[in-house]
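Colleague: Given next are the chains, with one letter for each unit.
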Amino acid sequence: MNNPIIDKIANTLKIKPFDNCQNPQLSIARGRLIPKDLTGPQKTELFSQRAISSGSKVHHLKDNQALKEKLAEIITADKRIAIAGGQRLKARLSDDPAALLPETCQYIPAKKLDDDSELFNLNIAITDAHLAIAETGSIVLASDENYPRLTSLTAQSHIVILWPDQIVADMLDFSSALKEQIETNPNHSYTIISGPSKTADIEMKLVIGVHGPGQLDIIIMES
Amino acid sequence: MLKTDKFYHSTVSSCDDDSLSLKLFSALDRQCQKREDICQELGDIEHFRELAKAIRNNALSKLDSCLSQFTAKAQENGVNIHWAQTSQQACKITAKIAQDNNVTEIVKSKSMITEEIGLNQFLKDQAIEVIETDLGEFIIQLADHKPSHIVLPAIHLSTDDVTKIFQDKIGYDGPPDPESLTKAARKYLRDKFKSAKMGISGVNFAVAEQGLWTICTNEGNGRYVSNKPDIYLGIMGMERIVEDIDHLSVLLKMLGRFATGQRITQYTNLTHGPCAKDGPSQVHLIILDNGRSDILASKYRDILRCIRCGACLNVCPVFRNIGGHIFPGCYSGPMGSVLLPLLLGMEKAKNVPKACTLCGKCTEVCPVKIPLDEMILELRNDASQAKMGGIIEKLSMPIGAKVMQSPFLFSTAQKLMRLGLKPLSKSGWVKWLPSIPGRWTKVKDLPLPAKHSYQSEIKRKGSGPKDE
Amino acid sequence: MDTNVFVTCLADTFYPQAARSVTNLLHKMKIKVSCPPGQTCCGQPMYNAGYFKDARKAAQSFIDLFGNTEGPIICPSASCAAMVKVHYPKLFKDDPVMAKKADVLSGRIYEFTEYLVKYAKINLADLNAEFNDSVTFHQSCHFRHLGVTDEPMNLIKQIKNINYIPLQRMDQCCGFGGTFSVNYPHISKKVVADKVKCIHESGASWLIYADAGCAMNILGYANKTDQPIKAMHIAELIDKATGDLSC
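Residue numbers (the working numbering), protein chains in the order written: chain F, 1 to 223; chain P, 1001 to 1468; chain D, 2001 to 2247.
Hint data in this document are derived by calculation from the structure and do not stem from the laboratory.
Incorrect hints may have been included.
[Stated by the list, open to error] Some chain P residues well away from chain D (every beta-carbon gap over 10 Å; in silico):
hint	residue
1	Ser1068
2	Ile1093
3	Asp1160
4	Gly1174
5	Lys1192
6	Glu1209
7	Pro1274
8	Tyr1300
9	Arg1305
10	Lys1354
11	Thr1357
12	Glu1374
13	Glu1393
14	Val1403
15	Gly1420
[As the list claims (entries may be wrong)] Far from chain F, some chain P residues (derived; all Cβ distances over 12 Å):
hint	residue
16	Ile1155
17	Ser1195
18	Tyr1224
19	Gly1279
20	Leu1296
21	Lys1299
[As the list claims (entries may be wrong)] Short, incomplete list of chain D residues facing chain P, as computed with Cβ under 8 Å:
hint	residue
22	Pro2045
23	Phe2052
24	Cys2173
25	Lys2224
26	Asp2226
27	Gln2227
Source: prediction; values computed, not measured.
Heads up, the beta-carbon is just placed ideally off N, CA and C, and yes, glycines get one too.
Sequences and hints are given; from them, build the entire structure.
Modeller: Structure representation (structure tokens):
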């Protein structure tokens, strides 16, 4: 296929190549900030520290009972709640996450969320995480045919449940994990979330909760 | 001529506005401090800058193959790729996508490239409304201003200014504080996110090997525009590409840290293509040249490494006093001073590179090591060679060179200068001079040259130790 | 080794005491110093205005003059030193003969404090330097091009009894910028106004500077606006602090 722009670029680069252009692949490993060999607890510790510093709340919980109590603490009565990745959460928790919700809140099932008035009227979105990154204190969501990632944006508050084995040390570990996944299953988009929605566009004053949630609770379950 | 230049006159009015520099200083000092603090985590910052530079150069050095690989992969993923050589073409493609889908309302996240091509105005003329969804961009869209900073577009406005704008344009009746104003914008824009059938964003980086691209936002609007509407269109400059996802990782480390002093922005979306159940059903991407292929062929190709972090604007002593919305294009500060003459043509922006003290602070903080001050100098030389340097400089520079080539003329000039200035001086200072030198004395006094220059002194006395 | 002083046109004309102090101090350090006669200017004004052709002419004179000398060339100006060190090789990159000469001089030129710290490895305590007053220091922009960062401050701190007060935004440009200051006097004024404000807010008795260009600009504005500043070149400070050594 002929493309005049690419042809022009190719021609330019042929006449005027970049010199001394070393392949950064050789030294890309030196772009690492967090050592690969951190122990599990060290990764969890660093992740928590950095997530907190970018505005997230982090909770370390022992078991499903503790989770149930924590959810009851975070979620007050009458809240409208969506759960994404419910099947995956169920598998890891050996329990239906919806069953862990306080009885007073309202669980909105996925099929209802096609309706914008439901989607934009959520108080809380609970999701699992695809991965988490210690370096930046971020969690990563993958697109999911069964459940829109958007709930974690439209809700006023986002609760993530993750496990220590999901935490990678450095952004570079995140990219190599992603590389492998894209090779086997290329049909995903990803969202890296590193804290609540924020802005400083008016006189540099920090305001939390612009378009997305004003609160991000990250629950780390004991393995 | 400087005197008849629009940009020059705008700098005068910007400088007259003391409140502007106050706002800029306080915001940019904070921005710099945040960058410095978080960059300490990089340890050897220089090493990271070298690495980021190598990553950008690597992609540029094989831009043709990177783009071919990227577009093939993206098409495989279901993305509609469009190529645009000019702004006009890019605007037309956008309008056509909207019209083909009966779209009359578009939500857009902050994107410098759409400012560059004048997209909003173009679509408005086609009766398609574009709503800016980044809070800063939303404010200036309501106020009909241009962005005053590539990262902080509404930095020139105070809380009171924003309150007034919201009152006039969206019927705001709340208190004048950022929190309440932000909540009002949230409410207003959520309705737009709900109703708009098409979203547009720029592209921070495209990844050749995986056919992905990223949008970084702190507010979450980038996620909305790329996820919520049925149709999503990304518009990217053809140089915004990296070879693979590891390279992206390193650049994301740099972008967040250098732009806003964050380890990474709050939301980073990696868009892969359409995903009917969890994202748009139609995804388009426009790859724009608009002069970039000419820059690639020129001695200014290093500017194509730019990742639009705005660090150079934040440290620039000139930018801190004039702000960005008076530049003759959407880019401003040091990177704008280089890009604008290249994108718009020297004639339209010849005085922009002159508004620089050549302090080099921009180059010092650039995460991808673009030699901005050197390029500004080079542009000045291009302007002078194209006889666009201004008549006074054109006449005085060769004379200066003549004087500097002759020790005799030089020492004579020194003596004549003292002779001429002495009668105008008081206690060693000259307070007024006519004509061009008067531009100096209008704002600063000029010291009277010493009675004896150092060289004439040692000629008389020798250069031994002195105890005076 | 013998050294040479490059006076620079601005110091020669407006601030000869800076050059005098450089020579005095080198004498005190028992370093032989000469001042090659017939010096003019490094060509920076033309270069920075974007008139490379004219800059080359002035640079040629400098290269001819100093090319005939040997040993380090010391100059009391970061921007002139940067011109020779960094920009001369670029200016002559298309002229192999001149480029070779430019490269040699590029390796020989030192800004004054750079010479003291990096080349002579001086410790001012050894010269019994003492100064009983408070000072603040404006870091000239072109130290950046020389790779000089803390060296001038470290020298100042070696002086006994000195009260060194760091300047806020110390490495922010003073707004001189050569032809910039007459092309855009209103911007230059605002930039220097902030500098003068920071200097006064430091509360120091003395402003120490390293470039005559910065001094003209800062002091000229301070005088125009009736907020005078006592100032001296860093060479003068060190010369004063080391006293009249009778050696």
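Colleague: Decide, hint by hint, whether the structure agrees.
Modeller: For each hint, the structure was consulted:
no.: 1; hint: Ser1068; verdict: holds (34 Å)
no.: 2; hint: Ile1093; verdict: holds (38 Å)
no.: 3; hint: Asp1160; verdict: holds (23 Å)
no.: 4; hint: Gly1174; verdict: holds (35 Å)
no.: 5; hint: Lys1192; verdict: holds (39 Å)
no.: 6; hint: Glu1209; verdict: holds (37 Å)
no.: 7; hint: Pro1274; verdict: holds (49 Å)
no.: 8; hint: Tyr1300; verdict: holds (14 Å)
no.: 9; hint: Arg1305; verdict: holds (19 Å)
no.: 10; hint: Lys1354; verdict: violated (5 Å)
no.: 11; hint: Thr1357; verdict: violated (3 Å)
no.: 12; hint: Glu1374; verdict: violated (8 Å)
no.: 13; hint: Glu1393; verdict: violated (6 Å)
no.: 14; hint: Val1403; verdict: violated (7 Å)
no.: 15; hint: Gly1420; verdict: holds (13 Å)
no.: 16; hint: Ile1155; verdict: violated (8 Å)
no.: 17; hint: Ser1195; verdict: violated (9 Å)
no.: 18; hint: Tyr1224; verdict: violated (6 Å)
no.: 19; hint: Gly1279; verdict: violated (6 Å)
no.: 20; hint: Leu1296; verdict: violated (5 Å)
no.: 21; hint: Lys1299; verdict: violated (10 Å)
no.: 22; hint: Pro2045; verdict: holds (6 Å)
no.: 23; hint: Phe2052; verdict: holds (5 Å)
no.: 24; hint: Cys2173; verdict: holds (4 Å)
no.: 25; hint: Lys2224; verdict: holds (5 Å)
no.: 26; hint: Asp2226; verdict: violated (10 Å)
no.: 27; hint: Gln2227; verdict: violated (12 Å)
Violated hints for the displayed structure, listed by number in ascending order: 10, 11, 12, 13, 14, 16, 17, 18, 19, 20, 21, 26, 27.
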